[in-house]
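Participant: Sequence:
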Amino acid sequence: MHNVLKEEEIENTGRKKLDYKPSGYMTVEEYEAQSSYVDKSELKSEIPKQVKDYEMKYVPQPTYKIVRYNDPPGSPELNITKKFFQLRQYNGQGLVSPDFSKLVYPVVYYYPNSASTASDIFVIPLDETGTPVNKILKANAQKRLPNPIISTEKSSDNDSAFRSLTPIDFSVDGTKLLVKEKIGSSQDGIWQTNAIVYDFGTKTSYNLVELRDAIIYYWKENRGLNLDDKRWDIIPVGFLKNEEYRVAAYAYGYTGKKPVFLGIWSIDSHGEQARLISFKISDVEIGVNGFKIVQDGVITPTVIEREEKAQMERDKLDAKEAKEKEKNDLKQMDNELKAKLKEMDAKFKEEQKDYAKLQRIKGSTEFNEAPIKFKEMKIDELQKFIKKEEKSIEKEQKALEKLKK
103 MHNVLKEEEI ENTGRKKLDY KPSGYMTVEE YEAQSSYVDK SELKSEIPKQ
153 VKDYEMKYVP QPTYKIVRYN DPPGSPELNI TKKFFQLRQY NGQGLVSPDF
203 SKLVYPVVYY YPNSASTASD IFVIPLDETG TPVNKILKAN AQKRLPNPII
253 STEKSSDNDS AFRSLTPIDF SVDGTKLLVK EKIGSSQDGI WQTNAIVYDF
303 GTKTSYNLVE LRDAIIYYWK ENRGLNLDDK RWDIIPVGFL KNEEYRVAAY
353 AYGYTGKKPV FLGIWSIDSH GEQARLISFK ISDVEIGVNG FKIVQDGVIT
403 PTVIEREEKA QMERDKLDAK EAKEKEKNDL KQMDNELKAK LKEMDAKFKE
453 EQKDYAKLQR IKGSTEFNEA PIKFKEMKID ELQKFIKKEE KSIEKEQKAL
503 EKLKK
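Under the numbering used here, the residue at position 350 of the sequence shown is numbered 452, and the numbers go up by one with no gaps.
Keep in mind the hints are simulated off the structure, nothing from the lab.
One or more of the hints may lead you astray.
[Unchecked claim] The list that follows gives simulated cross-link-like pairs (lysine-lysine, DSBU-like), each with its CA atoms no further than 30 Å apart:
(1) K507 x K480
(2) K507 x K490
(3) K240 x K167
(4) K118 x K418
(5) K167 x K146
(6) K442 x K394
[To be verified] Pair ranges (Cβ atoms, derived):
(7) E410 x E255: 49 to 57 Å
(8) E410 x S262: 49 to 57 Å
(9) K118 x V140: 42 to 50 Å
(10) I401 x P200: 25 to 33 Å
(11) E255 x D275: 28 to 36 Å
Think of the CB as a built atom: it goes at the ideal place given N, C-alpha and C, for glycine as much as any other residue.
Based on the provided sequences and hints, a complete structural model is requested.
Facilitator: Given below as structure tokens:
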């Protein structure tokens with residue numbers, strides 16, 4: 103039986119070596135187990151490793167850089183093309199907060215049954231780790247928060263209605279977002295532009311209608327001009343540089359061939375204290391706080407070639423390490439087998455000695471007394487062994503104390 107158990111250990115180690123790199127060697131039972139039906143819905147397949155092709159031709163790879171988003175102030179616009187009417191959705195340029203913690207972007211929808219549009223502003227939280235460029239590049243629409251922070255009217259009963267939202271800029275601390283809402287018709291252009299501020303602290307938005315009311319009141323009371331009878335509009339341009347929570351906007355009258363400048367106006371982010379600042383754009387400093395990412399160029403072929411060469415060297419080292427690991431693992435299996443067999447032999451020899459002792463006791467005593475005598479003998483041997491070990495430990499302790507002194 104001892105030899106049979108040793109043969110089983112040797113066979114198990116041989117099977118481990120064969121299974122280290124899966125092979126076709128297996129028993130009938132193993133083959134039938136692997137050939138049995140498995141529900142495909144329960145299968146878990148590993149993602150295949152990407153095959154490296156070192157003979158690939160040069161393919162231009164873009165590089166990116168971070169620039170200011172609202173530069174010059176008030177310039178951000180949607181770039182809607184004819185493709186929008188086929189896809190029926192447009193995702194605009196993303197605006198990144200000053201601390202690179204979040205990205206906001208506009209989505210415009212097209213409803214062909216009424217030829218109208220609607221819009222939302224969504225937020226994508228950025229990764230906490232990584233460089234600013236990589237954090238922005240990893241931003242994906244699938245990671246966005248489910249609910250938009252600002253939305254336009256979405257009713258499609260108004261034929262040819264045009265409604266869009268465009269992020270303009272963050273406040274310097276990133277707690278507030280300025281957005282312009284354009285309302286109009288695809289038949290006769292934009293009717294009105296609204297300035298909207300979203301507060302990330304309170305998670306509420308506010309339409310600064312008081313700004314338009316203040317402009318109308320000023321021109322009617324001071325200049326006798328009734329803007330309600332004219333075509334005019336505002337252009338939200340950002341937050342004031344010296345007053346971080348006040349929104350600035352340019353006002354223009356479109357009553358002739360050339361637009362008439364109606365002044366630079368500002369208002370608090372909660373719609374309070376609207377006032378005229380100046381009739382000269384150069385007199386007002388507008389903060390430029392948010393960021394966007396743009397393509398900077400392409401990686402040169404020499405860089406790609408160096409990277410490919412370095413990758414080849416790394417793969418060679420990885421293959422060498424994998425081979426060395428396999429060699430060490432197989433050697434470890436052999437060492438474990440030797441240790442196991444040695445332990446089994448030692449245990450077997452001990453059992454043989456005990457058996458011989460028991461047989462001697464049986465020959466010199468009554469049959470029923472033999473187990474008791476054998477038990478007493480084993481206890482005596484164990485006590486002697488314990489005393490021997492205690493003396494050895496005591497000796498080691500004395501040597502240790504001597505060494506410490």
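Participant: Hints numbered earlier in the text: which of these fail when held up against the supplied structure?
Facilitator: Hint check: 1, 5, 6 and 9 fail, others pass.
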